[in-house]
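J.: Each chain, letter by letter, is given below.
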Amino acid sequence: MDFDFSADQKLLKDQARRFLGRHCPASAVRAVLDDPQRQYDRDLWREIAAQGWLATTLPLEYGGLGLGHVDLCAIAEELGRALAPVPFASTAYFLAETLVAEGTDAQKRTWLPRIAAGEAIGCFAVTERPGALVAASVQARVEGGRLTGVKAPVTDGLVADVAVVLAREGPGHSLFLVDLSGEDVARAPLQTLDPSRGAARLAFSGAPAERLGEVGEGMALAEAALARAAVLLAFEQVGGADRALEMARDYAMTRYAFGRLIGSYQAIKHKLADVYIGNELARSNAYYGAWALEAGSADLPLAAAAARVAASEAYWVAAKESLQVHGGVGFTWAADCHLHYRRAQQLALVAGGTKAWKERLARQLQWRNAA
Amino acid sequence: MNFDDTPEEAAYRAKARAWLRDHAPRVTPRAASVGLEDPTDLDAARDWQRTKAEAGYACITWPMAWGGAGGEPWQAVIFAQEEAQIPTPHGPFAIGLGMCVPTLMSAGNDADKRRFVGPAMRGEEIWCQLFSEPAGGSDLAAARTRAVRDGDGWVVNGQKVWTSGAHLSDYGLLLARTDPDLPKHKGLTMFWVDMRSPGVEVRPIHQMSGESNFNEVFLTDVRLSDAQRIGAVNDGWRVSMVTLMNERMSVGGMGASLQASVLGLARELPTLAGLAIDDAAVREKAADWFIRIEGLKYTRYRALTALSRGETPGPEGAIGKIVSASLMQDVANTAVTLEDEYGLISDPELAPLGAAFQSALLGSPGLRIAGGTDEILRNIIAERVLGLPPDIRVDKDVAFKDVPTGS
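From first to last, the protein sequence lines are chains L and B. Take any residue in the first sequence, count from 1 to its spot, add 226: that is its number in our numbering. Take any residue in the second sequence, count from 1 to its spot, add 133: that is its number in our numbering.
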């Protein structure tokens, strides 16, 4: 049994934590949060690229490092812990993973080396309206290789070079790769729950679109992309949830009320014990997802849904209860509690919400039990 | 990150599997249960225990000097996994081998070790743990059972409660108060007791589930020799820590099969808006249970990985019982609710799945209490894992006789 990060992966994780401790303190997150003109931290992004993190799982022949997904999971956990305000998930988990899985050799040659070097930013544009991602909600359309329609919100959409887009094609849906540099793409920044992660509304008026994968397979390919991203995002969530718990613990060990440390009251102790339990269950489910992703297992849809549900709920509970333990000070802009409170929602919604993922999980279980 | 055995583990697993195939008795599989019930065939269980002991599989990690195999914890886990694959007789040996005898081995004298370790390992002698009392469940150090010096020995008076297997036991590990003038943790001493001694009376407790898996044990003028003392006088609390560290590992986690059964049931049962399996609330429950059940499974795998790497497992093991006990209660309640009014029927001949859900509903409160209540376990996680301060104790530096009580 070897169900944990390896010694090398733990080393990578430690290095990532030290690196982010230097280059991504809370002040770096706040600099993006507080400035509506800043969509991400360019300096941090450059440093991250120089570390080679964006190249982790990309094939050697396209400028990647050819490492496994578990290595990327180790990095993801640290990025989540540090609340890194960079388009890493959009670029590495969505764009690069989708290109590797579905792209033609030409598409890979065009984009993967630039992604690996930190020279191209990606985004994943599927949502158009409130509610779960169902075929009927997707109205954007590609005709004659030209995309028309509106996508919102698109995380990192204002700064991305290229988008993976779900759109109608003929009677069904397909997935497309769309270069965002043309004049037939109008981008507008969006006000969101988590301004430390920029998002945009993208309006396409005949933008050239290259198909990714087979025609008519768009919904299935989007689901597959979401499953891969769900595992990697789960590690960001586990990292954030751990940090939120630590913040609450540390505060409870310094704050006195009624002549006692508040951490000595069972109301606080039991609350934080429950947060710890949720975090550990989420970590274990995330490990299962990491294994399934790296092994290319047929379990991936189930494992990804379990990792996603457990991690989204754990981070939300950790973030809101951490803020609660901080009391009034936790509700101020100056305290870091709201950074996690916002990011917990951002990460829980960016690849589809918990309600939809629970239904995906239930479907997998139903098929499995029926088999 | 994988589930594969290392070559060393694979070799051990193959050896264990082959041995089990050649030596395990053929018995009928037991029905799903909450895991508290008595053995149905004690003789068969004893035979199986002896067979394992003779082959070095009964207490794999114990030193060879005491009849163990001097093996590694991961070997014990692999053997247990393989044994769990086949129905073997269910014996009442876990408390003795998991808690009482390890306490003897760590704090007892050589004569006691020579006398007791072998017979317990071979299933010839059964042990129980005489700790909890009517006045102190979670607060174990509040034990009032008195052991008073009498010449060369001791005389014991008092009452123990929630003693699993006392009615089957040959010996008991007894925590008794030897000095009520000292603060409560400091005036306790550990002894062993022959359960057939004059003055020991065992009465079964009739549980709310209708079963009787536990006992009250009344101790009236029970005479012990000083040689039956384990560890120093008034050092019993420290000695008991060895016993208790093992308890929470042995009170098990379960629920996976019950959860699968609910989904099977949901495929057949109607709600007012279609089949239960299509009900959004039921589907959300299925997802919630799955992440808990699988989360615990993979948490165990993480602990096993630490053992396999020769490391000490992290504190995450503490979450097993607290999660699985409430999970079982919720699964049972949901299933009974789906059965609707028919769910009232707990007759195994009539209720779906042999009334497994009704039985789990009535048994699960015990799991949330036994071996550390949910509340005590949260304190333990908060204090030992998160490092939060212990509760302020009003009874800590007070002579035990002066501590306020409700009676």
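Hints should not be assumed to be uniformly reliable.
Unchecked claim - Listed below are several chain L residues computed to face chain B (Cβ distance under 7 angstroms; list not exhaustive):
(1) Arg268
(2) Leu359
(3) Val360
(4) Leu416
(5) Leu419
(6) Tyr477
(7) Thr480
(8) Tyr482
(9) Phe484
(10) Gly489
(11) Tyr502
(12) Tyr514
(13) Ala536
(14) Ala588
(15) Arg594
Stated by the list, open to error - Cross-link-like lysine-lysine pairs, in silico, BS3-like; alpha carbons within 25 angstroms at most:
(16) L/Lys546 x L/Lys581
(17) B/Lys319 x B/Lys529
(18) L/Lys546 x L/Lys497
(19) B/Lys319 x B/Lys534
(20) B/Lys319 x L/Lys236
(21) B/Lys430 x L/Lys581
(22) L/Lys497 x B/Lys430
If you are wondering where the hints come from, they were derived from the structure by calculation, not from laboratory data. The C-beta atom is built at its ideal place from N, Cα and C for all residues, glycine as well.
J.: Among all the numbered hints in the text so far, which are the ones the structure does not match?
T.: When the structure is compared with the hints, numbers 1, 2, 3, 4, 5, 6, 7, 8, 9, 15, 20 turn out to be violated.
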